[in-house]
Amino acid sequence: MNLGQPRWILLGLALAGLAGVGLAQAAVDDYVLSIINFIGIYAILAVSLNVTNGLAGLFSLGHPGFMAIGGYVTAILTFPASRKAMFLELPGWLAGSEMPFLPALLAGGAAAALTAFLIGLPVLRLRGHYLAVATMGFLIIVQVLIENWESVTRGPLGLNGLAALTDLWWVYGWMLAAVGVSWKVKFSSYGRSMLAMREDSLAAQCLGVNLFRTRVAALAIGAFFAGVAGGLWAHLVTAITPGTFSLIMAFNIVVMVVVGGTGSITGAVVAAVVFSAITEIFRPLEESFDAYGIAEILMALILLVILIYRPSGLFGSREPGILTAGPTHNPGNHPETAQGGQK
Amino acid sequence: MTAGYIAQQIVNGLILGSMYAMVAIGFSMIYGIVRLINFAHGDIVMIGAFVTLGLLQSLGAPFPVVAVGVLLAGGLMGVMIERAAFRPMRGAPQVTGFIASLAVSIMLQNLGILTLSAQPRNFSFPDNLQEVIHAGGVSFRVIDLVIMAVAVLLMCALILLVRKTKLGMAMRATAENIEVARLMGIPINRTIMAAFAIGSALAGIAGLMWGGKFGQIDPLLGYVPGLKSFVAAVIGGVGSIPGAILGGYVLGLAEVLFVGLLPPIYSAFRDAFVFATLILILLALPNGILGRATEDRA
Chain A
1 MNLGQPRWIL
11 LGLALAGLAG
21 VGLAQAAVDD
31 YVLSIINFIG
41 IYAILAVSLN
51 VTNGLAGLFS
61 LGHPGFMAIG
71 GYVTAILTFP
81 ASRKAMFLEL
91 PGWLAGSEMP
101 FLPALLAGGA
111 AAALTAFLIG
121 LPVLRLRGHY
131 LAVATMGFLI
141 IVQVLIENWE
151 SVTRGPLGLN
161 GLAALTDLWW
171 VYGWMLAAVG
181 VSWKVKFSSY
191 GRSMLAMRED
201 SLAAQCLGVN
211 LFRTRVAALA
221 IGAFFAGVAG
231 GLWAHLVTAI
241 TPGTFSLIMA
251 FNIVVMVVVG
261 GTGSITGAVV
271 AAVVFSAITE
281 IFRPLEESFD
291 AYGIAEILMA
301 LILLVILIYR
311 PSGLFGSREP
321 GILTAGPTHN
331 PGNHPETAQG
341 GQK
Chain B
1 MTAGYIAQQI
11 VNGLILGSMY
21 AMVAIGFSMI
31 YGIVRLINFA
41 HGDIVMIGAF
51 VTLGLLQSLG
61 APFPVVAVGV
71 LLAGGLMGVM
81 IERAAFRPMR
91 GAPQVTGFIA
101 SLAVSIMLQN
111 LGILTLSAQP
121 RNFSFPDNLQ
131 EVIHAGGVSF
141 RVIDLVIMAV
151 AVLLMCALIL
161 LVRKTKLGMA
171 MRATAENIEV
181 ARLMGIPINR
191 TIMAAFAIGS
201 ALAGIAGLMW
211 GGKFGQIDPL
221 LGYVPGLKSF
231 VAAVIGGVGS
241 IPGAILGGYV
251 LGLAEVLFVG
261 LLPPIYSAFR
271 DAFVFATLIL
281 ILLALPNGIL
291 GRATEDRA
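Read top to bottom, the protein sequences are chains A and B.
Heads up: the first sequence begins at 1 in the working numbering, then just goes up one per residue.
Heads up: the second sequence begins at 1 in the working numbering, then just goes up one per residue.
No lab work stands behind these hints, which were simulated from the structure alone.
Hints should not be assumed to be uniformly reliable.
Unchecked claim - Now the in silico label distances, taken between C-beta atoms and shown as ranges:
id : chain 1 : residue 1 : chain 2 : residue 2 : range
1  : B       : Ala118    : A       : Val32     : 24 to 32 angstroms
2  : B       : Leu59     : A       : Tyr292    : 27 to 35 angstroms
3  : B       : Asn177    : A       : Glu286    : 26 to 34 angstroms
4  : B       : Gly136    : A       : Glu286    : 22 to 30 angstroms
5  : A       : Val305    : B       : Gly136    : 57 to 65 angstroms
6  : B       : Arg87     : A       : Glu150    : 44 to 52 angstroms
7  : A       : Val305    : B       : Val68     : 29 to 37 angstroms
The beta-carbon is built from N, C-alpha and C at its ideal position, and this holds for glycine as well.
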């Protein structure tokens, strides 16, 4: 496989992004910087859901649930030990410890992935929108448990006063990691198994794809990055409350994946950037006109129009040709596969 | 825990179950015919509640007129949503319709917030409906009685409609096989529209009941009944109208008894309980109690 030329382009793009981060850190004020951070976190979320939802065709609405798990785990691990005793009743080994950011994020991601594995074992036997509904149930259960487990999560109040550890370097680094991992997955035999399973699970099984293992892996990879994104989110806002991780957020991430084109990594990134930018542009407008909800209505309208007129999304399942070594190396190039999802 | 207390809980469960059943019927009908999980169905409940408020408090209309007005408004809303959002994407993968219905739901909620404000409004029925009746250790209001009676009446009417009329036969045929039904000369679009109209009208009435029961309404109120009625429909077997009714009552009773019979610290977990039940039922009994095994669910 000749990946020589695109690899340079990808590397160049990553470096250009790095330069952009440096420039933004130096030149832009805090408000704009935080918006860029949110956009980056949404890109991580969209790219990671794209593995579960786009490549493997597992329609999951549970993404914010994994985010919440990762966010709370990270927040509790980095919480200053001196203040832990004041707010929380934790078991001894946890109460006295205070972790640096990176291991805490990894632990958050791992906790989310482990949860995905555990709930995936039973739930991934469901298909299509039954799976969607079951994962939505999972999201609501996570919310209720967080709201009521006050000794560890402080309930609906949430944890606040977290250290502002997240900056653009962290967000950009994790975004690269998410894009890199899903790129590797998509262009490996594993990704092709996922795409095959998405298109026709019976045929994939006949060709020797282990459906169940592939499904669980797709859910767990998505959940890992969702958990990390949750940790980044918590330390960007410096607070974490159960209300953040709502069905609305699940909807927003799904919109990004669908509009970008289910299965397209480039599409997920582009859609995440466009949509979070639109939301952020509309926020001051909403506040000045006292008309909350316009951005949501607009998002929903755009989604409906795209579903009706361009059901395969902006990019279909593909990546732009310039980033890959031509059409033969681009799974999902077949027009019929662009539909995505289960029948 | 006396027998009276338990009887009271059962009555409360039946009232809640009536409302769940009214919404679940529409869910089930729409799913049965077009294989669409209509997430916007719960928001018709919200619209029904606000139409009730408007007719009752601004215009002072008498109760039967209000009920008919709410039925019409709900039905009209359902038809409009079907025409604008769901018909253009008929034939697309099921998940597409599900996402579209989420979009419609979010639009309706935010339009509600935009035009009606997010502040909850008080909602009160005339005094003669609020009167409390005591009977054998159980007490309930007249409105609760009306809720249950109206629900049973509408359910019987609906079952008769589906079993005995030409429209009902067309609906059953379309649910069985949409293409063959079209070949047999059944007007598919009109039949689907009728299903949306009837289901949404019942959801509108459920909105009237919801307002009367809880006394407060806001633009986001459709979320919870929508979700739970969906659970009820799944419990009963999606696509089956008697199943939806049964599922509604089972869920209503189970939820009230869960809160009423267990120590109070567990009552905050009621939604977790409802959705854990949903997941268990999906896994153990994927076709629900009364549903038929017609397709690949698990």
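Query raised in the report: Hints broken by the structure, by number, lowest first?
Result: Those not satisfied are hints 3, 4.
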